[in-house]
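Participant: Order-wise, the sequence lines are chains A and B.
Sequential numbering from 1 applies to the first sequence in my numbering.
Sequential numbering from 1 applies to the second sequence in my numbering.
A hint or two may mislead.
[As the list claims (entries may be wrong)] Derived pair list, reagent style DSS-like, types lysine-lysine, alpha-carbon separation capped at 25 angstroms:
| no. | chain 1 | residue 1 | chain 2 | residue 2 |
| --- | --- | --- | --- | --- |
| 1 | A | Lys-205 | B | Lys-89 |
| 2 | B | Lys-15 | A | Lys-198 |
| 3 | A | Lys-205 | B | Lys-97 |
| 4 | B | Lys-52 | B | Lys-105 |
Source of the hints: derived by calculation from the structure; they are not laboratory data.
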Amino acid sequence: MMTATVSRWARVRDSFLWYSFKRDKVAIASFIVLLAMVLSAIFAPLLAPTDPYDLALIDIMNSELPPVGMSGADGAFPLGTDAQGRDMLSTILYGTRVSLMIGFGAVILQAALGIMFGLLAGYLGGRVDAILMRIADVQLSFSTLMVAIIVGAVFKASFGSLMFGEIAIYMLIFIIGVAEWPQIARTVRASVLAEKKKEYVDAAKVMGFRTNRIMFRHILPNTLSPIFVIGTVQIANAIISEAALSFLGLGMPETQPSLGSLIKSGFDYIQSGSWWITLLPGLVLVVLVLVINLLGDWLRDVMNPRLYKG
Amino acid sequence: MSASPLVDIRGLEKKFDLSGSLLEQVSFKNGRFQRKQEAVHAINGVNLQVFKGEALCVVGESGCGKSTVARTIMGLLSPTAGEVHYEGKRIDTLEGKALLPYRRKMQMIFQNPYASLNPRMTIQQTLEEPIHFHHPEWSKADVLNKVQEVMQSVGIDPDWGSRFGHEFSGGQRQRIAIARALAVDPEFIVADEPISALDVSIQAQVLNLMMDAQESRNLTYLFITHDLAVVEHFGTRVAVMYLGRVCELAPTKALFASPRHPYTQALLSAIPRLEDGRPNYIRLQGEVPTPVNLPSGCVFHGRCPYANDRCRQEIPELFATDDGGQVACHGVEEGRL
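Start from the sequences, fold in the hints, and give me the full structure.
Facilitator: This is how it looks when you write it as structure tokens:
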């Protein structure tokens with residue numbers, strides 16, 4: 001077992017992926033920033049000065065304090081406070097956590113559905129392919145945001161705001177995940193169509209392996225590169241979708257804010273001079289999406305089979 | 001050849017549909033709806049028997065249906081008509097679990113060693129998986145032993161098991177592919193042009209490996225190739241195919257010494273010889289007809305210098321000749337040739 005892990009690490013070190021990562025300064029910088037953001041989001045409860053979810057800690061008298069360095073700032077709130085007196089640094093840390101959770105959760109759901117349907121459509125072909133891909137086409141002809149708005153509004157109306165607040169995070173993962181699966185399904189299907197004609201698949205059939213085994217053990221590992229690339233970009237997309245929904249008031253409630261709902265909550269105060277309530281979470285959102293997209297671009301270049309085969 | 005055959009193919013036909021779904025078949029022409037169905041007739045009534053211990057070579061030019069025959073026998077394609085029997089049992093209609101014992105007895109070696117190994121699996125995994133699958137009761141050590149044994153028998157160092165397919169050369173990969181086929185201890189191996197993608201210097205190596213394996217493991221081969229030199233070296237019997245039909249089937253020596261069918265004669269005359277200075281090959285007129293619209297009668301009549309009216313109307317069947325072979329030719333039957 002020990003030798004297996006050692007050789008795996010050695011393989012990563014010898015791989016083209018690692019080699020090109022070391023030479024790409026943009027990729028390294030993006031990765032470091034993303035890693036810092038993910039880690040600070042994961043450890044938000046330890047890092048944040050206050051718990052923004054705990055109403056007892058909020059003092060309304062502290063509301064709309066500016067960030068440190070401006071007149072009237074309070075050293076206890078380095079990035080200022082929002083309209084309810086919550087510490088901006090804490091809410092941003094917790095908000096990043098919520099946004100990332102929704103982003104990753106939605107993409108995991110998308111990937112699960114997309115890989116499943118893409119594999120089935122590509123490998124089985126015929127009628128299964130036609131039906132699944134027509135469903136995907138129909139779904140792609142609706143804008144994700146439109147579907148999410150309708151579903152979100154219906155849920156909010158039927159569950160009530162309070163109940164909706166509790167399940168909002170799962171709702172958003174579900175809505176964004178289900179709305180975007182065709183992207184991954186189409187990519188997987190295209191790769192499966194190319195892979196299934198290769199002789200190693202015939203060899204597996206001749207061995208008598210069952211369809212499931214051939215699909216998941218033999219074909220799926222060979223289609224992973226494009227899934228990784230699409231998956232990375234989709235995380236950024238999911239975070240943006242969530243932010244947009246939250247901005248429209250259909251996403252995370254203000255008591256449990258994501259970056260999107262933070263931007264929204266500060267939007268009302270931007271004219272009265274409290275620009276930091278909107279601008280700071282907005283900046284974090286932009287940086288987060290930017291680094292994920294930059295990493296996605298790098299992955300796409302590296303894993304492009306026309307540039308590198310293997 | 002009185003023993004019952006190991007593999008018996010009867011009246012095998014395979015058509016590949018070209019016309020697509022019903023909507024694509026219907027066209028509107030001259031004020032009427034017409035339905036047009038087209039198909040490639042890849043094989044049209046092939047009868048072959050493979051006997052235990054022999055190496056039956058199937059030769060023919062590109063597109064004559066050699067590979068389709070191989071794939072149909074292995075169950076990668078289902079025949080449009082006809083039957084495939086293994087040891088007297090019909091196997092082309094079996095599915096799933098019922099087919100598994102035959103999967104173990106029949107294996108296949110593919111043409112392209114660069115595509116026939118899963119690029120994401122190590123050699124060890126590639127070889128272990130079939131053994132594990134067919135012998136779930138074996139212990140880990142048993143499986144490892146078996147993998148080592150087959151790797152050694154094809155001349156691949158068992159220490160290379162943790163490497164991936166792309167780290168090997170074409171000849172090494174083909175030997176690994178042979179090892180994979182041997183891993184489940186088959187009796188019958190279909191080899192679909194196993195050496196045509198290899199360097200000439202490696203071809204002999206792989207061919208000798210296959211002959212050694214035949215001897216030590218008592219294998220039976222169905223060997224698809226278009227290389228006549230290989231046939232002469234390797235084959236016990238030879239089946240010559242043209243446009244989806246077997247036109248001559250004979251023991252290798254007899255076929256090379258006295259080819260009977262006009263097509264076989266033309267094919268063999270194309271082998272470069274050292275004996276005389278000028279080439280005296282038989283020049284066939286025209287081209288192979290399209291397998292979409294098969295010619296009536298003998299498929300070869302359009303290019304055969306000896307064709308008469310009967311050849312244009314009646315499809316010749318294989319009949320036994322005095323030298324132990326079988327020929328499908330009206331001319332030979334009538335004694336005209």
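Participant: Hint by hint, say whether it matches the structure.
Facilitator: Results for each hint:
{"no.": "1", "hint": "A:Lys-205 / B:Lys-89", "verdict": "holds (21 angstroms)"}
{"no.": "2", "hint": "B:Lys-15 / A:Lys-198", "verdict": "holds (22 angstroms)"}
{"no.": "3", "hint": "A:Lys-205 / B:Lys-97", "verdict": "holds (13 angstroms)"}
{"no.": "4", "hint": "B:Lys-52 / B:Lys-105", "verdict": "holds (12 angstroms)"}
Hint check: no violations occur; every hint is consistent with the structure.
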